[in-house]
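Participant: As they're listed, the protein sequences go chains D and A. Per full-length UniProt numbering, residue 1 is the first one in the first sequence, and the count goes up by one each step. Per full-length UniProt numbering, residue 1 is the first one in the second sequence, and the count goes up by one each step.
Among the hints, erroneous ones may be present.
Dumping the calculated EDC-like pairs for lysine to aspartate or glutamate here, alpha-carbon to alpha-carbon at most 20 Å [said to hold, decoys possible]:
#1 409(D) to 49(A)
#2 409(D) to 15(A)
#3 47(D) to 32(D)
#4 409(D) to 382(D)
#5 141(A) to 224(A)
#6 409(D) to 76(A)
#7 5(A) to 398(D)
#8 299(D) to 224(A)
To be clear, the hints were calculated from the coordinates, so they are not data collected in a lab.
One letter stands for each residue in the lines below.
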Amino acid sequence: MYIGIDVGGTCTDAVLLDRGLVRAMAKVPTREDLLSSLLEALDEIMKGVEGELVERVVFSTTVITNLIAEKKYDPVGLILMPGPGLSPSLYRFPTDTYIIQGAIDYRGREIIPLRLTEVDQAVAELAARGYHKVAVVGKFSCRNHRHEKEVAARVRWNYPDWHVELGHQVAGQLNFPRRVVSAYLTCATREKYQFFVRSVQEAIAQRGIKGAIFILKADGGTLPLESSLEVPVETIFSGPAASTLGVQALTPPGETAVVVDIGGTTTDLALILSGQPLLASRGARVDDMLTHVRALAVKSVPVGGDSVVERVGKDIIIYSERLGAPYCLGGPMPTPTDALRVLGLTRLGDVDRAREAMQMLGAPLGLSVAEVASRVTTRVIETITREIEAMFSRWEQEPAYRVWEVLQKKKVRPGTVVGVGGGAAGFVSQIAARLGCYPVIPPYAPVANAIGAAVARPTLQVTLRADTEQGIYIIQEEGYQGKITERSFNEEKALELAKEWLCKRAARHGLEDCVEGLEVTRREVFNMVRDWVTVGRLIDVTVQTRRGILHHVGAGGTSDEK
Amino acid sequence: MRNKKTGLVFFPAFDWAISPTHPEREERLLYTRDQIFEEGVLDLPEIEEYAPRLATIHDIARVHFCVPRVQSQVTEAHLIAAGSATLLADAIVHGELKNGFALVRPPGHHAMRVVHGNRGFCNINNEAILVEYLRRHHGIKRIAIVDSDVHHGDGTQDIFYHDPDVLFISFHQDGRTIYPGTGFPNELGGPGAYARTINIPLPPGLGDETFHYVVDNLILPILEDFKPEFIVNSAGQDNHFTDPLGSMRFTARGYAEFTRKLNPHLAVLEGGYAIETALPYVNLAILLALAGHDYSYVREPEWPGTMPENPERVARVQRVVEQLRNVWENRDRVDLDKIFGAGTFFQRRKHIYYDTDYIEEEQLERVRRCPNCPGYITIDSRADHGYGHPSRVFCVSIPFTACGACQTEAYDAYEQARGLAQYQFVYLQDKSTDTFLAFDRDKDQEWVSEGPKVGE
Ligand SMILES: [Zn+2]
Ligand SMILES: [Zn+2]
Chain D
1 MYIGIDVGGT CTDAVLLDRG LVRAMAKVPT REDLLSSLLE ALDEIMKGVE
51 GELVERVVFS TTVITNLIAE KKYDPVGLIL MPGPGLSPSL YRFPTDTYII
101 QGAIDYRGRE IIPLRLTEVD QAVAELAARG YHKVAVVGKF SCRNHRHEKE
151 VAARVRWNYP DWHVELGHQV AGQLNFPRRV VSAYLTCATR EKYQFFVRSV
201 QEAIAQRGIK GAIFILKADG GTLPLESSLE VPVETIFSGP AASTLGVQAL
251 TPPGETAVVV DIGGTTTDLA LILSGQPLLA SRGARVDDML THVRALAVKS
301 VPVGGDSVVE RVGKDIIIYS ERLGAPYCLG GPMPTPTDAL RVLGLTRLGD
351 VDRAREAMQM LGAPLGLSVA EVASRVTTRV IETITREIEA MFSRWEQEPA
401 YRVWEVLQKK KVRPGTVVGV GGGAAGFVSQ IAARLGCYPV IPPYAPVANA
451 IGAAVARPTL QVTLRADTEQ GIYIIQEEGY QGKITERSFN EEKALELAKE
501 WLCKRAARHG LEDCVEGLEV TRREVFNMVR DWVTVGRLID VTVQTRRGIL
551 HHVGAGGTSD EK
Chain A
1 MRNKKTGLVF FPAFDWAISP THPEREERLL YTRDQIFEEG VLDLPEIEEY
51 APRLATIHDI ARVHFCVPRV QSQVTEAHLI AAGSATLLAD AIVHGELKNG
101 FALVRPPGHH AMRVVHGNRG FCNINNEAIL VEYLRRHHGI KRIAIVDSDV
151 HHGDGTQDIF YHDPDVLFIS FHQDGRTIYP GTGFPNELGG PGAYARTINI
201 PLPPGLGDET FHYVVDNLIL PILEDFKPEF IVNSAGQDNH FTDPLGSMRF
251 TARGYAEFTR KLNPHLAVLE GGYAIETALP YVNLAILLAL AGHDYSYVRE
301 PEWPGTMPEN PERVARVQRV VEQLRNVWEN RDRVDLDKIF GAGTFFQRRK
351 HIYYDTDYIE EEQLERVRRC PNCPGYITID SRADHGYGHP SRVFCVSIPF
401 TACGACQTEA YDAYEQARGL AQYQFVYLQD KSTDTFLAFD RDKDQEWVSE
451 GPKVGE
């Protein structure tokens, strides 16, 4: 049996899945103490079920999101080696930042040596200001981490008990400023996250569950809870990923669909293209800082069932904030939910109060209750539809760097609009109608997020970059730099090597089963030519474990997605 | 009103090359990509990346006579490079962007009006396609192209040689020392477009300081007089001190300062073959300059510092600058008949060598000296591919602002050539109505290409 738990901002949802069927589900309010909400939900779905029967528990949590949003972490200083390029004044990070000499180029060659005295000076000043955590990041450190390591060693030599985080260890992709932010946030949250993980492990053990515990990441993959300690920031934004995977699990395989998750104050939109959730092309924005955190492409629209509706002059305006429950549920202001109630599109709340809310809005304009209600719902539907269209065109506008990529770009439009979340029922059919799609509200829609967590697959990837002219290779995710000894090293050998590393990595995380059906997601080879002679090759290979869900949920099926 | 953003189309064409070891190959913009990505430049709010798009066959036919037809001279990569420039131009004209950089391959500034094959790594001329597109789709009349490639932009010069509304300025390494061997101060445009072509040959080994002397004392003052509605920079980067083809000593910072001063609406990448030592830094610096950011921290690893210039060479450049300023200032007072003769037609013979495809072309170009318009042009072109019979074609081009008489005469010339057995293909390019005809003698067939009407 599988358990999925989604600790959201207002509710904690949980499901117990037994061979693809929902055995139990729970919805409890999320309290300040996340752990207690988590356990309450867990206990509710576990009634009469032996802990030993649970093979895996996956949960998504807002713990890191909240830590960052509320800035509940120790200050982290930055020591950076940006080298030549953008003016350092363009890199504005929200903490004390020291820029020191030293630079690596795009092929990992040192172009400016380090000056360790500058490190000493920076740490002395940081120490004087009360820091004991520091992130060290160099430009192109993902191509050669020597400078970062030397600086870290120097920091530790000065202050052995300091917590030092290195850029190349948190992100292997190019983009220095994002690497800085990712390292900074990792450094800031690691300790507190560690504490949280330990409490979860303890609590779950107390419930007699011996199955594996996983945590959902923003990209919709899971990690063993223990391994997530390495990358706490990747657990941010796992909520929208959970509901997207839930929809994937609750709809037929291979479909292109828009996921519309209508909550109280926001509506989250996501795309499933030919059965796979769309990943954002760049890392997520966290607390208004750009990071390397891989995430599903989710667009949050600031409108939901509880959004405040007001009349301003001759116009009726929907605001992005919430001032409590809808009027029909005893709240202070009219909301879209009231409009739905009047139109008979929901059964929530008191219909007379809903009519009263519409009356307040419409009377000065001489509009009937029904007219106001349809105007309000139309506004909501228009806003969401416009954002969906924009999402598709943004996806079509993704840059392409190869001729074939430009040529194969075609306009893909969804066939279905899948609604989940509280407000879905009232809006989804009309949104779908506007887009020319079928509306779908799957069974278990209110707990789709917990279902998504329960069926999410573990994901691991390995990116290998080989430079045969210099005779070196790098495993980005491991921060490993090795030598190429074979003279005949080529693309095929690079691929083999990458797969070997992925197996090693999987073993380290206890995920040996996952290496079946590996996918090669990137494969690039460039000949390096100097003076008309090929002097070497640059080979980039990314291999990953199969993405997606373990199985579909619903019509009694356990059919593994093939 | 110019807003704040700089548009970028980055199209490195990682799957397109002239040949595996040719300088114009897949690897060319690889390190530029790494540098731009790693800097996080694309996350700056002032820079917006756009997906590339393809130019249409019609966009090409508006500029070139491709023999036998457009499809046989261009690959998709060419269409994407040209289309990316027009895409950015659309966004600039619509006010979405203040300026843009088409950081694309393949380049185009050696492609001339008639295209028998590849010259100097170019098949079609991205800037020229852009100019005709701007006129047709946006009604922009006066356009300036400033070519900062180390090689003379002979293709662009050829296409606009008789066009009074397009100012073409090229500075480059002296043609006696580098391909394509042209671009001297006496090449000033035809009788209808005198001094609309300005060439500034520079002695090899010249650095930033003298480069900026030329910019400040010649290029910027001329642009100020000409008052173009749109400025295009043919942004070749092979003037860099590490370029393997050129012998100049410009730096990334020198290029960036030039970009800041020129303030072009659109920069379109041309040459530049120091793919590791120059391109990542020069491209970054240009992009920052366009976006109005500080580029003073961009420094190539081999940066030599400021270099003393050879005073004798500097003096030579100063003389050329002075001479060209004179030409420019007196452009409306010269007796054109004295220079070009007084006939109804001005004609010139051209010998064109296609270095990549080893084609020898002979041309007779004639332009009608019309008092009411720039005059129509005919070209009798014979290309020797080194095997079989040379192919001979006849081309007629009607300018955008043609008068009725020129239009009628041009159509007559096309009809007449269709009746002459020596021409395998006869072409008519009517820019005034955006219609293009091609006649294939062997098949006894005529193709017509009519572009979308304005506003479509
Ligand atoms: Zn060039
Ligand atoms: Zn005329």
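Participant: Next step is simple, just say for each hint if it's right about the structure.
Facilitator: Going down the list of hints, with the structure as the test:
1. For a cut-off of 20 Å, the pair hint linking residue 409(D) to residue 49(A) stands: about 17 Å separates their Cα positions.
2. Proximity of residue 409(D) to residue 15(A) is assessed by CA-CA distance (about 16 Å); at most 20 Å being required, the pair is judged to hold.
3. Between the alpha carbons of residue 47(D) and residue 32(D) the distance comes to roughly 24 Å, so the proposed pair goes past 20 Å and is violated.
4. With a C-alpha separation of about 27 Å, the suggested pairing of residue 409(D) with residue 382(D) is violated against the 20 Å cut-off.
5. As the CA atoms of residue 141(A) and residue 224(A) are separated by approximately 16 Å, the hinted pair is consistent with the 20 Å bound.
6. For the hint pairing residue 409(D) with residue 76(A), the CA-to-CA distance comes to about 14 Å; that is within 20 Å, so the pair holds.
7. Taken as a hint, the residue 5(A) and residue 398(D) pair is honoured in the structure, with Cα atoms around 18 Å apart against an allowance of 20 Å.
8. Distance check on the hinted pair: residue 299(D) and residue 224(A) sit about 47 Å apart at the alpha-carbon level, beyond 20 Å; violated.
Of the hints listed earlier, those the structure fails to meet are numbers 3, 4, 8, in rising order.
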